[in-house]
Amino acid sequence: MHQKPVWPIVNHKDHASPSVFRPEALLREARRQKRLPLAAVPPVCVLDPDGDVVRHLKLAGQSRAHEGWACYHTELLAFDLDGVGDVGIIGCAVGASFAVLVAEQLFAAGCRLLVSITSAGLITDNGPTPYFVLIDRALRDEGTSYHYLPPAIFAEAPDARLIARIEDALSGLSGIVARRGSTWTTDAPYRETETAIASARDLGALAVEMEAAALYAFAAATHHPVVCFAHVTNAMAQTEGDFEKGEANGTKATLTVIATVARVWLSSIEAEQHAEASGI
Numbered sequence: 001m002h003q004k005p006v007w008p009i010v011n012h013k014d015h016a017s018p019s020v021f022r023p024e025a026l027l028r029e030a031r032r033q034k035r036l037p038l039a040a041v042p043p044v045c046v047l048d049p050d051g052d053v054v055r056h057l058k059l060a061g062q063s064r065a066h067e068g069w070a071c072y073h074t075e076l077l078a079f080d081l082d083g084v085g086d087v088g089i090i091g092c093a094v095g096a097s098f099a100v101l102v103a104e105q106l107f108a109a110g111c112r113l114l115v116s117i118t119s120a121g122l123i124t125d126n127g128p129t130p131y132f133v134l135i136d137r138a139l140r141d142e143g144t145s146y147h148y149l150p151p152a153i154f155a156e157a158p159d160a161r162l163i164a165r166i167e168d169a170l171s172g173l174s175g176i177v178a179r180r181g182s183t184w185t186t187d188a189p190y191r192e193t194e195t196a197i198a199s200a201r202d203l204g205a206l207a208v209e210m211e212a213a214a215l216y217a218f219a220a221a222t223h224h225p226v227v228c229f230a231h232v233t234n235a236m237a238q239t240e241g242d243f244e245k246g247e248a249n250g251t252k253a254t255l256t257v258i259a260t261v262a263r264v265w266l267s268s269i270e271a272e273q274h275a276e277a278s279g280i
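Per the UniProt record's numbering: the sequence shown = residues 1 to 280.
Bear in mind the hints are in silico, worked out from the structure with no lab data behind them.
Every value quoted in this text rests on a predicted model; they were computed, and no experiment measured them.
Where is the CB? At the ideal position from N, CA and C, for every residue including glycine.
Hints should not be assumed to be uniformly reliable.
To be verified - Pairwise CB distance ranges, derived in the manner of DEER restraints:
#	residue 1	residue 2	range
1	Gln-3	Asp-86	27 to 35 Å
2	Glu-192	Lys-252	23 to 31 Å
3	Asp-80	Ala-25	30 to 38 Å
4	Pro-18	Ala-275	43 to 51 Å
5	Glu-167	Asp-187	21 to 29 Å
6	Asn-126	Lys-252	18 to 26 Å
7	Val-94	Ser-267	43 to 51 Å
8	Gly-61	Gly-172	44 to 52 Å
9	Gln-273	Ala-169	15 to 23 Å
10	Tyr-72	Thr-193	31 to 39 Å
11	Ser-17	Thr-193	34 to 42 Å
12	Cys-92	Pro-5	20 to 28 Å
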């Protein structure tokens, strides 16, 4: 009798069961060891895998370390964003597992909206780079998402209405090109073969990145709002002069996109609260 193969990435997962190891527990012990105060993170937080925005804010003297952030692996900076208020940002959380590890801890520490903006490689030609892709779904070619959701080809952005409102708001921005679409999330950037690229393109991916599928699976499983962007800056270094992000290394445009997303989300929250108060 032949036994069925055991695939650890998809077998023996109980997606409805809570984890024994919880982010709240880790943060509790980190606060104790580091003698940190219990202080909530800003309601809007950002993942900046490339670290460009973090470096820009530090050089400009526009950020400060968050006094209560108890993560063992990262530094959380806080900065003031016009029309939004205090925003938290973490740089260089690259890859699906790291991004979700940090996301779990941010939401456990008081975050209410997480925005991720990562540089990405071109899969489907949509005009000159750089430009932003507002990711509405991502190919699950990584490992983390399978611990949060059953197997599927895509991880969908969990709040389609929020994505539609953000798409609308971005379309009115001057000097910023943003398109809505899907991406390919991979754990292995140096295994982007011709075959894998063609497969992703056939499935409609506009770009390749390393975090979105896992972040959207996490968001869907935990009911937390997460919005992911791919900043398409390169064609996988196939020619010289690749990886250019634009003015100020793309930081000005990225901060504008973050502010737009935060304002849309805040207005949505306000509308929901008004509707509840009115009994609608």
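Query raised in the report: For this structure, which hints from the list above don't hold up?
Result: Violated hints: 1, 4, 7, 8, 12; rest satisfied.
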